[in-house]
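**Q** Protein chains in written order, with the working numbering: chain A, 1 to 290; chain B, 1 to 334.
Hint data in this document are derived by calculation from the structure and do not stem from the laboratory.
For glycine and all other residues, C-beta sits at the position ideal for the given N, C-alpha and C.
It is possible that part of the hints are untrue.
Some but not every residue of chain B turned toward chain A, in silico, with C-beta under 8 Å [to be verified]:
(1) G65
(2) T115
(3) A121
(4) Y122
(5) I125
(6) A129
(7) D247
(8) G293
(9) I296
(10) L301
(11) P304
Some residues of chain A that are not near chain B, with every Cβ distance over 12 Å (derived) [as the list claims (entries may be wrong)]:
(12) F4
(13) T7
(14) Y51
(15) Y56
(16) Q59
(17) Y64
(18) A75
(19) P141
(20) L162
(21) Y163
(22) S170
(23) A182
(24) L184
(25) F214
(26) P241
(27) Y260
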Amino acid sequence: MELFLQTLIDGGLIGGLIIVVGVGFSLCFGVMHIVDFAVGEWVMLGAYAAYWLVRYLRQDPMVYLPLIFALFFAAGWLVYPLIYRAVSGRRHHPALMGLVFTFGLSTLIKGGALSAWGYHVRSVSTWLSGQSVTLGVTTFPALRLAGFVFGVLATVLFMVFLYGTRLGVSIRATAQDRETAALLGVDVRRVGALVYGTYAGLTGMTGVLIGALFSIHAAMGAKYVIFAFFVVVLAGMGYVPGVIVAGLLLGLIQSFVGVYISGRYTLLALFLLMYLSLLVAPRGILRRGL
Amino acid sequence: MTTPAIEVRSPARSAAPRWTLGILLGTALLLLPFAVSSFWIRIATEVLLWAGLAQSWNIIGGYTGYLSFGHGAFFGLGAYITGIGMTVLGWSFPAGLVVSGVLAAALAAAIGYPTLRLRGAYFAIATWAFGEMLRQVATVLDITGGAFGMRLPALLNLPFFYYVTLGTSALVYVTTYLLLERSPFGYKLLAIREHEEAAEMVGVNTVAVKINAFALSAFFPGVLGGIYAYWLTYIHPDSVLGGIITDLMVVMVFLGGMGTFWGPLLGAFLVQLVSRSLWLVWGESTLYLVIIGAAICIVVLFMPGGIVGLLEGRRTPLLAPHAAWRWWRERMRW
Numbered sequence: 001m002e003l004f005l006q007t008l009i010d011g012g013l014i015g016g017l018i019i020v021v022g023v024g025f026s027l028c029f030g031v032m033h034i035v036d037f038a039v040g041e042w043v044m045l046g047a048y049a050a051y052w053l054v055r056y057l058r059q060d061p062m063v064y065l066p067l068i069f070a071l072f073f074a075a076g077w078l079v080y081p082l083i084y085r086a087v088s089g090r091r092h093h094p095a096l097m098g099l100v101f102t103f104g105l106s107t108l109i110k111g112g113a114l115s116a117w118g119y120h121v122r123s124v125s126t127w128l129s130g131q132s133v134t135l136g137v138t139t140f141p142a143l144r145l146a147g148f149v150f151g152v153l154a155t156v157l158f159m160v161f162l163y164g165t166r167l168g169v170s171i172r173a174t175a176q177d178r179e180t181a182a183l184l185g186v187d188v189r190r191v192g193a194l195v196y197g198t199y200a201g202l203t204g205m206t207g208v209l210i211g212a213l214f215s216i217h218a219a220m221g222a223k224y225v226i227f228a229f230f231v232v233v234l235a236g237m238g239y240v241p242g243v244i245v246a247g248l249l250l251g252l253i254q255s256f257v258g259v260y261i262s263g264r265y266t267l268l269a270l271f272l273l274m275y276l277s278l279l280v281a282p283r284g285i286l287r288r289g290l
Numbered sequence: 001m002t003t004p005a006i007e008v009r010s011p012a013r014s015a016a017p018r019w020t021l022g023i024l025l026g027t028a029l030l031l032l033p034f035a036v037s038s039f040w041i042r043i044a045t046e047v048l049l050w051a052g053l054a055q056s057w058n059i060i061g062g063y064t065g066y067l068s069f070g071h072g073a074f075f076g077l078g079a080y081i082t083g084i085g086m087t088v089l090g091w092s093f094p095a096g097l098v099v100s101g102v103l104a105a106a107l108a109a110a111i112g113y114p115t116l117r118l119r120g121a122y123f124a125i126a127t128w129a130f131g132e133m134l135r136q137v138a139t140v141l142d143i144t145g146g147a148f149g150m151r152l153p154a155l156l157n158l159p160f161f162y163y164v165t166l167g168t169s170a171l172v173y174v175t176t177y178l179l180l181e182r183s184p185f186g187y188k189l190l191a192i193r194e195h196e197e198a199a200e201m202v203g204v205n206t207v208a209v210k211i212n213a214f215a216l217s218a219f220f221p222g223v224l225g226g227i228y229a230y231w232l233t234y235i236h237p238d239s240v241l242g243g244i245i246t247d248l249m250v251v252m253v254f255l256g257g258m259g260t261f262w263g264p265l266l267g268a269f270l271v272q273l274v275s276r277s278l279w280l281v282w283g284e285s286t287l288y289l290v291i292i293g294a295a296i297c298i299v300v301l302f303m304p305g306g307i308v309g310l311l312e313g314r315r316t317p318l319l320a321p322h323a324a325w326r327w328w329r330e331r332m333r334w
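In isolation and in its complexed conformation, chain B is listed as follows:
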């Protein structure tokens, strides 16, 4: 059985600077489209989209400890539902988003009921198989356009997509803060992550709590998938259901810090920064896979708490060569 790691929360600091910082950040985000070129609006929209996706994954992966390796499925489902709704069924965009989110959550609850009984690696493999299965379904169906994908009505309005993404992602963070950081529901999730049997013994209805968390973490990717589809106007199975979507969510959360509130935001920002810089320097390149892969390996090996964990726990700097060497030797053994 796993030994629960001891959580040490940093002592409560004065809340005033945080609020000031939060208000400044919020104002900056709201005013951003007026200040920068369309290129940067596009980049900012991407960062916000991924920040929302990463936090959604964090709800089930970080707070609950169930690593879903098929979370991209809900994103792709949302993209396709919005796409089909708008082109075939003639829905409006907001209606498409709501239906996408609700259907993604409903699907998560339906598959969560049997799948969440599996623990650890089994759950990871089952969700992975499910995600890939959905991609295959999108590839063989006619209504999704098969491997050729589908086209949505075009809307060339970058600030509109920026604000919609900002609103949705902000909603993800507010929901996470209220439901997971400041309510019993969050403590139940942490209890399940640390010791599921014990949580059950003290009266947590683990089945219901896990399904709720899974549905919640699938709702937002569904909505964001819908936004993404309308924004790009052209989707195909690899672009919205590809493995890389799930991969990036996992990477961002791991890099930022599993089960921390600010971790996913930091992770999404950093990963997007690196991948976009690479893109600017080399153009379309596969080198970002190398960097992402190396980042995952380094985070797992040397900073399991992610950046947030590193910022909170570090006392001695690793700048002196002998200290760094000793640190390395302590961690590497055959």
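Here chain A stands alone, though its shape is the one from the complex:
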């Protein structure tokens, strides 16, 4: 029972963090029809950004979260016109070209990181590392709790922005129907740049927490590509609220398979579920996706 509760909590806490990545990823698909293979590289770069900032400026990595958001927002904003070019214009299957482009981008970033930093495993520690909160028979590692709180806060703030502001309305309108939104005066291109920037910023920030929780290395991105795809496929592509359910589910599956079966089977279980979900319910388990 204790093990069960602890597994439940561990899974839920990690799931909360993954939700942030999923929300941005899902919105990218909704607004620009881009399946971003580079999502894991934003996580990796976020973790490295925290590592280098801590190494040279010596503060707690949490302090740099806003700075990293700004940096990654700018990076996403700069990359966006390239993606826009890849998915528009006269060519076969524009949406697939976006997928292939981000796939190339991800290979480029991963190769660059491996060449520059090698296969060394690095880590950062925060003032929360090693601390924990005990509640009854279960313990909450403080850093995981902080990650969860960050995840929930970022998701809620993002939702408030999406559903409560004028800009958020135009983003959701673009996601629903690009052409009609453009006819009604939404600058679709600017909305896309904004969404991609915000998504890169959120993902970079998540990378800081992931880097602090686990280890940092240049090839770590692949795992988060899997996670993001899993979450978005189960949530239904482009359906943002579904991400919350799917993200928690991901955390739970990961921790339960890892604890009760074997860590070797977690990825297998994730891929199997993802594949079956695509076959049975391509619009997500809640049947609300695009």
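Chain A is already provided as a structure; the job is to place chain B on it using the hints.
**A** Just chain B now, with coordinates in the frame of chain A:
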């Protein structure tokens, strides 16, 4: 819905120079092992292997328009089937290859039936998930040797592997030429790529055609995987089922030209040339990932027709700086 790009075929030229060129190339390829050192035979075998793999991917990705991001799975499956067949079941090498190819095609048909209903990005993600799933399976099973891999009986005969690879890859190109460039089957695939509903409306049995194309494009990677396994004599999940296998197939086809006959050959040749040159200069390096990634990005952004498209469509050269600058400005907008 996507707007179908207009295909303009270059006007028919006299066929005689092409045939001469083809015969010269064929003779050169056949005589190559007698003329060069074992190092170059190895390189040539690699180029031929990848040329065959790229063309196989082109059948489903280029001609049919279904981007399979898990095609490496069939290559790895072939490698493991041949490996298990030869070490555990005592098959001969040719029997292993045939079974590998047939099983890869059968698996493709089986998973193709549900998976090919998905369109665009969904199909890409589903095949990707499937490919990665197969790698995980190979990692946890006992018969495959798990993460430690498995060893095959060694055969140190480079010309033998060269000719087997040459034969198989030539078969891929001949099959593609006969079935896709010169038969109704090829037109059906193009119709599906350009507008699937319309193809269905004019009476194309899209489900069957797509499954056939997918099985065909999986058969050859299965065979080539078997050859590769026997050639290397040691395989493990990352070397034959790693994501890089699929990545390279996609890159080569994109670079050469999607849905063109010669594109995959050109792409495979160029990518291997670059990666081997890098390897000669820097040794084992991750820099090739940077170059491959940059190549994909550049191809997608600026030359969606690949090299073949560039050769066929270009009228004005981009050598003058002002022309290049204008070309760049026309394509880059915020």
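**Q** So which of the earlier hints does this model not fit?
**A** Hints that this structure does not satisfy do not exist here, as all of them hold.
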